[in-house]
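Number of protein chains: 2
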Amino acid sequence: MTYAPETPEIAIVGGGIVGLVLAAGLTRRGVQVKLFEQARNFREIGAGIGFTRNTVNCMEKISPGVVRALRSGGSVNVSLDQTDPKSYLRYINGYGLQREDDPMYQKPLLRLDAGIKGWETVRRDQFLDDLVKEIPEGVIHLQKKLSMIVDEEDRDKVVLQFTDGTSVEADAVIATDGIKSTARKILLGADNPASYPQYSHKVAYRALIPMDKVIAAIGEYKTHKQHMHVGPNAHLIHYPVNTNTIGATVVISDPNNWPLDKPTTARGSRKDVLEALANWSLPVRNLVNLFPEELDQWALFDLAEYPVPKYNKGRVCLVGDAAHASSPHHGAGASFGVEDVLCLCTMIPEQTGQFTRELNLSKGDALRAAFETYDKMRRTRTQWLVNSSRRVCDLFQQPDWADPAKRVKAESCFEEVKDRSFQIWHFDSGKMEEDTIRDYKERVGASRKIKKMNGVSCKATLDTSSEPEWLFSA
Amino acid sequence: MTYAPETPEIAIVGGGIVGLVLAAGLTRRGVQVKLFEQARNFREIGAGIGFTRNTVNCMEKISPGVVRALRSGGSVNVSLDQTDPKSYLRYINGYGLQREDDPMYQKPLLRLDAGIKGWETVRRDQFLDDLVKEIPEGVIHLQKKLSMIVDEEDRDKVVLQFTDGTSVEADAVIATDGIKSTARKILLGADNPASYPQYSHKVAYRALIPMDKVIAAIGEYKTHKQHMHVGPNAHLIHYPVNTNTIGATVVISDPNNWPLDKPTTARGSRKDVLEALANWSLPVRNLVNLFPEELDQWALFDLAEYPVPKYNKGRVCLVGDAAHASSPHHGAGASFGVEDVLCLCTMIPEQTGQFTRELNLSKGDALRAAFETYDKMRRTRTQWLVNSSRRVCDLFQQPDWADPAKRVKAESCFEEVKDRSFQIWHFDSGKMEEDTIRDYKERVGASRKIKKMNGVSCKATLDTSSEPEWLFSA
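Chains as they are written, first to last, in UniProt numbering: chain P, 1 to 474; chain Z, 1 to 474.
No wet-lab data here; the hints were simulated from the structure. Among the hints, erroneous ones may be present.
[Unchecked claim] Computed list of lysine to any residue pairs in SDA-like fashion (alpha-carbon distance at most 25 Å, straight line): (1) Z:LYS310 with P:ASP419; (2) P:LYS406 with Z:ARG381; (3) Z:LYS185 with P:VAL168; (4) P:LYS107 with Z:PRO263; (5) P:LYS376 with Z:ASP419; (6) P:LYS418 with Z:ASP261; (7) P:LYS185 with Z:ALA299; (8) Z:LYS418 with P:TYR306; (9) P:LYS107 with Z:PRO193; (10) Z:LYS406 with P:LEU188; (11) P:LYS376 with Z:PRO193; (12) Z:LYS406 with P:ARG390; (13) P:LYS376 with Z:ARG407; (14) P:LYS441 with P:GLN354; (15) Z:LYS180 with Z:ASP261; (16) P:LYS376 with Z:VAL408.
Just chain P, same shape as in the assembly (with noise of 0.2 Å):
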């Protein structure tokens, strides 16, 4: 294949979810693609993932390469009433409010409707397989793990070095590298609190369960739907991953703190998740009781005690968990990186494309002003998402589900989990694809300008800052 001379080569540091769906998406545009994975193979932690209906709307946009890769690995699509086509989210009380008459009886709290076909679900294992399939070949490089970036302004491409002591030259970087980004660390410094995750005080378990023993423990009608069991310091969500196989995850608060030293996961048993959820109804127990009986233990590291100050520097940028790691009560973290992906996606390589030929800018500059952009569009949203996710869960988790004289109070959360889930939910990206052309459109056009008045190459590294427009002083 021969590429285009304004045509950039970006290398990708990470092969996750979202590295590779940012794989499939340049790749399709004709982008010239280097993705570097540390691991010796891919693999995926956790159990299940969901994506609602703006998600797999940015990946069709992305490459339908995703969206095949999503549906060849099995996905389903859940909360479906036999007479009913759309997809819901339910939110039960897991904790308390027996009937005698009907020892399985939960109190349904609020169903959010996510529209028609609005949640498909799939084991993360076999998503992922099915996208490194979608990546032609030649693209992934495994067993390069990045020791540093080296972006110096005078020089035409930037340098990843990698720990086995190889380097490779691109025009930009996207670091795709995870909650433990290697990249973020090299761009906010080693000393800045933000290079490291943070604990969130919870920890998941999480389980993939044959599903005829699970209409067994909690019946059908629960069995098929995607349910959230609200109580007091946890929470259990549970759905179909496929057509035979249930993911369930507890998730439950803890006091303590979590070492960043100590590896995130830690042996539990299903014995520690009993105990902590002892006087939950039946059929959360009974799900419970079918996970394996010993487990791993995750805990729940994000980014929202230190929030990264700015997603982009020079010709290197951030993308999905590595700008900004959320805990997962949202289930949207990598559909944040999915958007984050449709961003860049829309600028390059047509847009950057354009303006190196027809405003003669380096493709080095071509690539900061667009990072510049994609700082802009997805700082607000995504940096929200890291704050509503642990709101959410303080909201499920309100010690007042144990108190009957509460629980009025503790069930009018639902509505900000409401307004919170549309806000993710009802994402419209045809506005962001038109305001991040819009916006690059300007930045580029200023820095031309600004290029004419000073007769020299410009660097594009503009409006970096975030005063807003009526800043004042008295």
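Take the given structure of chain P and dock chain Z to it, following the hints.
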């Protein structure tokens, strides 16, 4: 004046802003209204009050007299730039971030667009005085303190008893007797914690200050515009309440308890406030220095911890603070009471009269059903406000503001502040009116069918269940 036989007679308990707005709306619609206020005179606590455009729209629909009272009370549109006809609410950093070259500098954080003439503010006492003038003679009865409501199913009328031994009858009672509502205690019972307001662990200090002094203290720009100064464990808001006066409120966190039997107002001093704001920006301290040396300290109570489970019972309903007293941090407590009033005026007397005439429903039954609809229409939004007001106060007063390493995190709250404010300001009152009429018709239509089936008088106490239609067990 003579009334058609189907015109209901309504007793209003409590003569605050919401009670008077209700009296104005109902009398304008030809309802026979008696308003009972326990005090010897009308008086309003607090300094200024502001209404956004959506609330003024509701007032216009309730009665042009309410808007007339607002404006004759000297209301002003605040937060105007000379070049911009819109009103804004501006959030600025009140703590730290001093600039050596400009001691009056404060970092701007958020500017919320309230639209053209989007905020009208007024002195509370002036608004109340002018509202009273809009109420027809003979409606208002002062020095009438409610002691009991007797609402017996087989009696044609509800009886209100007062502490002076007198009593009156009415077709229904609407209680607007505020956060310490007697009617609420009668409905819920003295042993229900929701009968009593709950301390929100915030105290407020309010002052009215001549504008020329404020200009000298904080500068001309800030003086004429509404500003919220945020910082650790406190916040301060100020805005013009007429052409020569500024209303300012400081809210300070208080970890202590405030016993319910202690008066909610205590003596405080400017010195206390200055101590709490010791390290704040110069303009904040300058402004507080203009407060009187001795001033009232208001303990802020609300109904957040123990919300009222239902706003109506039989022929009695709770409106405004009596139903859903909120802390004042959204500045929307009275506004939500005004929305409540519009909801009731949508049904009374036109719809209630029509059902009384055409369906041969008793006035009491028509009003019972109307109050059910009122509860359904208003409950979710008003409970949301009570929670949201506490939430935004927590965001304004994040301890993180004091820690330079946490400033990026602290500032990330404003997307949520914006969403919450717009949820208040962008209220579609026309949709509420439509939904109210539809629900009321369906409710009475259903009651009519039941009536036909049973062949007995309908009590119209339908659909009190809060279980959603997707109720299920296993």
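Quick rundown of the hints versus the structure:
no., hint, in the structure
1, Z:LYS310 with P:ASP419, "holds, 23 Å"
2, P:LYS406 with Z:ARG381, "holds, 19 Å"
3, Z:LYS185 with P:VAL168, "violated, 75 Å"
4, P:LYS107 with Z:PRO263, "violated, 40 Å"
5, P:LYS376 with Z:ASP419, "holds, 19 Å"
6, P:LYS418 with Z:ASP261, "violated, 38 Å"
7, P:LYS185 with Z:ALA299, "violated, 47 Å"
8, Z:LYS418 with P:TYR306, "holds, 22 Å"
9, P:LYS107 with Z:PRO193, "holds, 23 Å"
10, Z:LYS406 with P:LEU188, "holds, 15 Å"
11, P:LYS376 with Z:PRO193, "violated, 48 Å"
12, Z:LYS406 with P:ARG390, "holds, 17 Å"
13, P:LYS376 with Z:ARG407, "holds, 18 Å"
14, P:LYS441 with P:GLN354, "holds, 11 Å"
15, Z:LYS180 with Z:ASP261, "holds, 12 Å"
16, P:LYS376 with Z:VAL408, "holds, 15 Å"
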